[in-house]
Each structure stands twice: as structure tokens, then as C-alpha cells.
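Once you've looked at the hints, go ahead and assemble the two chains, each given alone in its own frame, into the complex.
In order, the protein sequence lines correspond to chains A and B.
Those letters in the first sequence? Residues 1 to 265, by the numbering used here.
Those letters in the second sequence? Residues 1001 to 1263, by the numbering used here.
Treat the hints as calculated values from the structure; they're not laboratory data.
Any given hint could turn out to be false.
Unchecked claim - Calculated cross-link-like contacts (lysine-lysine; reagent style DSS-like; alpha-carbon spacing at most 27 Å):
| id | chain 1 | residue 1 | chain 2 | residue 2 |
| --- | --- | --- | --- | --- |
| 1 | B | Lys1183 | A | Lys259 |
| 2 | A | Lys14 | B | Lys1183 |
| 3 | A | Lys14 | A | Lys99 |
Said to hold, decoys possible - Sample of chain A residues lacking proximity to chain B, with all beta carbon distances greater than 10 Å (derived):
| id | residue |
| --- | --- |
| 4 | Asp3 |
| 5 | Gly54 |
| 6 | Ser131 |
| 7 | Leu163 |
| 8 | Leu171 |
| 9 | Leu209 |
| 10 | Leu251 |
Just so you know, even glycine gets a beta-carbon here, dropped at the ideal spot from N, CA and C.
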Amino acid sequence: MIDRYAAVLIIGFKQQLAYKKDYFISLGFRIFASFIMIAVWTAVYLNSSVSSIGGLTLPQMYIYFFLINAIAIASWNETVAENIQDDIQNGTITTALVKPVAYTAQVFFSSLGNNSFAGLAVTVPFLILISFIGHLVLTLQSVAFFLMEIVLSFIVSTFIFFLIGTLAIYLTNIWGIIAVTESLYMLLGGGVVPLNLLPPWAGGIFAALPMQLSLYTPAATLLGIVSTGEIVQSLLVGVAWAVPLFILSVLVWSRVRGKITSVGG
Amino acid sequence: MENRLVRDIRFYLLSQYYWWRGFLVYREQAAMWLIYSLINITYSYITVAVIYTVSSGIAGWSYYQMLFLVSTATIVMNALYYNVNIGWLMDLLRRGGMDPYLIRPYGRISVFLSSQEGIGSAGGIVGAFVVLLYAASVIGANPVGLLAYLVLLVAGAITLVLFTLMLVMLFYHLLRSAQFVQKLLNFVGQASQYPLAVYGFVGQLLFTLVLPVGFASYYPAKAFLSSISLAGFLEALLISFAISAISYLAFNRLQVYYLSGGG
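The following block holds chain B by itself, in its conformation from the complex (with noise of 0.2 Å):
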């Protein structure tokens, strides 16, 4: 009996290879949406490079680990709109469309996250990633803080996406719109790319234990730039855990409530 989460993952990564092909028979549309991910990232680091040519910049943060942070917020929010397209995601619900997926003999999660695509968001994952590379060549690293980069930043995404998909459920349940989910994470998308501190308290509060990003950004960058400890290392990923096992629960109790065929 092969193991349950292999299966799930294979079944995930067949699903993805699907999704491109489909994706890539409309070339120039495919190209468009790379060009338009690719605008959209722009947007982050043209507002960085205006502010410390400007001025001095934010306290405590150089302009290259602006653009670390800035590089690792795309990154985690285009991933998490590859995995979920809300929209997408509402329509199934909505439509009944879920259906033929939910008969499948994986799990909930991985059917869901294979049910729709947001593929165009690759372009911005790519983008970020060579900005990325580069600060992160100018800033230099230390194993001990990449590795903790990695761990916070892993188990930061895994927290987003449960947490969106709970959310995706909630506010179908409550409201069949995406409408409001969108906007939510557009803001929350908006809101990681910048340091927590800047937003005082209560915002601090905000985008960690309400809503969970800084987990997945602020924290992850904190630890490669070295100036987090280990106490608060290993503090960022138990609130990770903890909330990502909330929100399964969560999504678990919730995905009950959606409606077969529609209606």
C-alpha cells in the first residue's frame, strides 16, 4: 500500500503537469499573464528604490534587505496564488464543480489545491526569485541562516495556504463570494512585503496571529538576515504550526458545507 502523502503529492504534481500543458496551448495568453506577474512585482521594488534614493529609507533595513524581504513576500504570495486561485476555487464551489474532485480517492486538501490553477503567478515566483538571488549574493549568507530561512519560509507558505483555504470555505459558506477573500489577501499581500515594526503593535499583531503572513515573510527574512534568536526562531514556527493545524481543522469542519451540484 503506497504511502498516502506520496500518492497525494503525485497526484498534485500530475495535476500541475496537466495545468501547464492546458496553460500553454493559448501561448500568447500564457505570455500575458507571465508579462503581467512579472508588472505587478515591479510595483514593490520601484516604491523601495524611490524610497532610499529619496531618503534614508526605513530604520534597520539596508536597501538590499528591503529587496530580500520585498523578493521573499512575492515569492510566498505568488506561490500561494499558484496553489489557489480563489476566484477559480469560489467558481467550483459555487457551480458544483467540485464534484468530480471530491470522488477521488485523495486527500481533501491535495484535491483541492489540484482542482484549479493559477499558473500565470509562476512569472512573478521566477522574477522574485532572480531579485532574490541577488540581494542575497550582496547581503551574503551563513548556512545556519539560510537553513532557518528555508525551514521559517516553508512552514510559513504551508500556514498561508491552509489559512486561505479555510477561508476560501468560510466565506463560501457564509457569503458564497471570493470577492472579499481576494481583497483580504491582495492587502495582507501588499502589507508582508514591508517590516512588521512599521506598522506599530496592533499591525504587528495583525499580520501574524489574525492573519498569518508575517510567518511566511517577515519572520523567514528576519532569520537570513541573522537578527532573530533562537528563542524567537523557534517561537515564529510553533505559532506557524499552530495555526496551519488550526486552520486544517478549520477547513475540515468547513468543506462540509459545500453543496453538491450547485445551488
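With the rest of the complex left out, here is chain A (with noise of 0.2 Å):
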């Protein structure tokens, strides 16, 4: 049984190694990217002549900007709901669903395999030049923490782009619902600034959102600029997600199922 999930798996790591020159295009503008906002930051810190600004160094920010490009290819799966669009939109679907394995078991495995690939083609080796160039002082509790937020990232938004994929039932072409919650995972993650220098207020409701996870949290762990206490409710906000996610999964794959509709193919 764990041989077909394996398998699975396995041929959603190789559909991602037909595309090495993406990912090596990809690598490349990752980097380019955060050296827009350390040249705009930099600005920033030299023109306000501080030494530090929401508790971040000029050093800090340069990292914190690296650290969120390398972790956001890894820490969220929307691949599930592009994956049940692509089924429903060339009928594959069809096949899919009398394959010995369970459809959800055969999207969710597949996106893993993706992210898998991701994870060890950019995202490891870009987490390793900036440990050693930033000069990150890991311990292997940061280490853990930094990955149990970003598996934990990785689950929630599975079950968040699995509900937005089973959309694809009623509506066929959801890109644009895709692209909406990718942005907001962006700007809700930390992607855009990060969550400490928010108003209170904002940064109290991005705090209980589980975008978080995605990149400010699983970032700042590895900056040593949140404490055990906030890594920890981190977590449980996380889990507080998942649960209520995953029961809603469940429901809502049970019914919607029966009335899957397959076009093209």
C-alpha cells in the first residue's frame, strides 16, 4: 500500500526534474528579487540613521528578505489545487479516480513530490548560502522549530488549496482564485514587510491567521527574533487551522465527489 503512495510521490519529484532550467531561472530572480528590497531598505536605514528599525538590524533585514524567497517556494501547496483543476479541465480525473489509489491520497502525494523537489533544488541550498554568508546562529531548536512551522505551513495550505481545487467541480477554471490566495498568503505571510513592523493591531490579526507560518514566523525563528513562548503559539494556531481544515476537507470532498462532471480527455 505504501508502495503506491511512494510511487506517487516519486513521479511528482521527476515531473518537476523535466523542468531544471525553470527552477535554475527561478533560483537565479529568487536572489535578484531580495536584492530590490535590501537596496530600498538599506536606503531606508541610512537616510533614518538608526541602527535598528521594529527590532530588525540592517544585517537582519537583509537576511529576512533572502530567508522569505527561499521558504515560500517550500512552505505552501497550491500544486493540489492546480493539479484538480488540471483533472478536471482534461478529464484525467476519469482515470484517476479508478486508479487503486484514493484521489485525494493521488493529489495531495503528487503536490508533495513537487514541493519535494522544490524544497531540495532551491530552497535547501539557498537556506545554506544564507546560514553561512548572514553568519545564522542555529541551534537545533531553531532548526526544529524552523521545520516543524514549515511542515505544519505545508499542511494547512494543503487543505486550503484542496477546498479552493474542489471548486473546480463547479467552476472549471479557478486560476483566478488560485492566483487571489497565493497573493494573500504573500502578503499575509510576511512576504511584503515583516509582521513585527506592522500597527499593532494589524500584526494581532495576522498573528492568528495561519499565513504566518508560510514565511514570517518560520523566518524569524531562524533570526533568533521571537521567542520560545511565541514560536510555540505559532504552532498552535497552526494546528487550531489544520483541524477544523482537515474535518472540512473530509465533508466537503464527500459530497462534492458524486457530482464531479469530466470534460475534454
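Have a look at this one:
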């Protein structure tokens, strides 16, 4: 049984291997994108004549923007929604449903394979590079927390994007919804500005959302600018979202799977 | 005999009319793309708002001047994406999808711009325009600055569109992939939202002479804020025209590599 899931995971991994060039291009532009915010924040720090803003020194700000560009590749799972949409549009869902592996497991493990490749090809080398260049002081505890945050973020986002993917059964084309959700992940996750720079009311709202686990909290954990208590609180927020989203995903799938209309193929 | 330019413009506008009709058939998707476009433009406004809340900001630029620059850059980049949907265009080129377009009796630029759409970007243009008006009303405008702004903006936007078409044809010829061009333009678009001075001398050269986005956002904004001399204005305009001409010639040279019928 496990062999079947492993096979789906490996296929997802191999699909990404077919586009090695695209990944190297992505890697290059993620480094460049970090440089823009670094240049802007350098100008801000120089003009303000301060050593830290919101508890972040300029070097920490540099590392923050490098880190979030590395983490963003692997910490949320929009591939689930994209795969469901593709299966509906191409009609391949009919063959997927008769395979001896649950469809939900197929889309999950396939997306896990895709993201594992992204993580290994881009995120891990990027993180190692940043750790050396930025002289990050990593402890076993901070790395363990970081991994827990990424895994939890991936799980929560899988449920969110799975629910969005089921909308394809009714709407067929859900690119716009996927794009909006990804944008919200970037915005609410701290990809635009570190969340600790936001006003307290906004910071409070963002801290209660699962998106903070996808970028800000993991980056802040590696930078050592959040306490253990805050990290545990963020993880609990993630768990508090994961459980109801899982139940909702099961309920929604049991209701909509009978309404699938295959097109294409 | 009707003027060739008028015919091309009419063809372009008519294509837009039908693209819009097609876009609005899927109302939920249309609404989502417009929302997406609006959310995306908020990134830079939030960044600027946070910067000016927690610090003294960027030297030489007030908060409202920065809003004006960000809005100008956002309008230009969204106008570019509206006219050149890079992924779609590359797909047409790779699959031989340009065949039915290229047999039409119109100019190549007009045909390429009419063969695909990026209507989802319209939300970004409208949203940024509202902020632009707000920022301009606070800053205050003089007629000369406004005129110089519009001249440089239009010239810069045309340069950027021609440059992008040339890049798409170049990467179609070299790699058959739109990934690089799309990522490059996303990067350039983000960079164009901040004053060129923050990137240092190398950055200023990069975002003007190599990737001509500075002529479409930074220099027009400087003209509006009356912080550019007449010589600077003319220099920016001339270089913009020169890059447009080079891009147009290169595009015409590269488009012969299109393989009819795909493959």
C-alpha cells in the first residue's frame, strides 16, 4: 500500500525534474528579487540614521528578505488546487478515480513530490548559502522549530488549496482564485514587510491567521527575533487551523465527489 | 487608401473589444483576476506605508511622492502586461498559433499585440490610477510638469512594450520558453517602483540602458515633481526613442524565426 503512495510521490518529483532549467531561473530571480528590497531598506536605514527598525538591524533585514524568498517556494501547496483543476479540465480525473489509490492521496502525494523537488533544488541550497553568508546562529531547537513550522504550514495550505481545488468541479477554471490565494499568502505571511513592523492591531490579526507560519515565523525563528513562547503560540495557531480545515476537507470531498463532471480527455 | 496606422489602431481596438467580451463571459474568473490584480498592487503601497511609518523614508522622497512613483510604475507595468501576455504569446509562438494572425493585412506590432490579452491587469491600472490622482492632488501639479510627465510616460511605455516583444521573440528563438522573460519583467516591475538612486550607479545603468523601465516610471515621475531639467527631459526622451527604434528593428529581425505550424 505504501509503495503506491511512494510511486505517486516519486512521479511528482520526476515531473519537476523535467523542468530543471525553470528551477535554475527561479533560483536566480529569487536572489535578484531579494536585492531590490535590500537596496530599498538600505536607503531607508541610511536616511533614518538608526541601527534597528522594529527590532531588526540592517543585516537582519537583508537575511529576512533572502530567507522568505527561499522559504516561499516550499511552504505552501498551491499545486493541489492546480492538479485538481488540470484533472477536471483535461478529463484525467476519470482515470485517476479508478486507480487503486484514493484520489485525495494522489493529489496530495503528487504535490508533495513537486514541492519536495522545489525544496531540495532551491530552498535547501538557498538556506545553506544564507546561513553561511549571514552568519546565522542556528541551534538544534531553532532548526527543529523551523522544520515544524514549514511542515505545519504545508499541511494547512494543502487543506486550504484542496478546498479551493474542489471549486473546479463547479467552476472548471479556478486560476484566478488560486492566484488571489497565493497573493494573500504572500501579503499576510510577511512576504511584503516583516509582520513585526505592522501596527499592533494588524499584527494581532495576522498572527491569528495560518499564513504567518508560511514565511514570517520560520524566518523570524532562524533569525532568533521571536521567543520560544511566540513560536509555540504560532504553532498552536497552525494546529488550530489544521484540524477544522482537515474535517472540512473530508466533509466537502464526500459531498462533491459525486458531482464531478469530466470534460476534455 | 486608409492610413496604415489608423487601420492598425482600429484592428487593435476591435480586438480589445472582442477580448473584453470573451473575458466577461466567465464573470467569476473575471472578478477574481481583477481582485488579484488589485491585491498585487497593494504590496508596494503597504511597503511604502510601513517604511514611512517606522522610519524617515527614502532620502529626497516624501511619502506622497513615493505613492506617485509607485502608482506610475504600477500603471506602466500593468499596461505592459495588458498588452503583452508573455506566457500566452509564447504559447502561440510555440504551437504555431500565430499563423491565423500573421496572414492579416496589418502591421506586425499590431498583430502581435492583438493576438492575446492580459485584461486581468486592468484592475491594477485602475487601482493605481486612483492612488496616483490622490497623491497628485496632495503634491500639487503644474501644467509643464504634467505635460512632461505624460510625454515621458507614453514614450517610456511604448519603449517597454517594444522591448518586451523583442525579448519574447529573442527567447522564443533561443530557448522556446517564456519563463525567463516573465521573471525578468516581474523583477524589473518591482524595481521600477522605487527611486533609481537606491540601486547605486550600476543599478541605475541596469534599469535604464539595459532594461529601460526607468524611462517609463522614474523619469516621468521626476518630471511631474519638477525635479528634472529640460536637458534631462530631452535626454530621457531621446534615449527612450533610441531604445524603441533598436527594439523595433530587432523584433522585426527576430520575428522571421517564427516557425509556422508549430514545432
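Hints, one by one, checked against the model:
1. B:Lys1183 with A:Lys259: Since the Cα atoms of B:Lys1183 and A:Lys259 sit roughly 38 Å apart, the hinted pair is violated (cutoff 27 Å).
2. A:Lys14 with B:Lys1183: 23 Å, holds
3. A:Lys14 with A:Lys99: Holds, because 20 Å separates the two Cα atoms, which is no more than 27 Å.
4. Asp3: 34 Å, holds
5. Gly54: 6 Å, violated
6. Ser131: The claim stands: A:Ser131 keeps its Cβ more than 10 Å from every Cβ of chain B (closest is about 24 Å).
7. Leu163: 15 Å, holds
8. Leu171: 6 Å, violated
9. Leu209: Holds, because the least Cβ-Cβ distance between A:Leu209 and chain B comes to about 15 Å, which exceeds 10 Å.
10. Leu251: 23 Å, holds
Violated hints, in rising order: 1, 5 and 8; the structure is consistent with all others.
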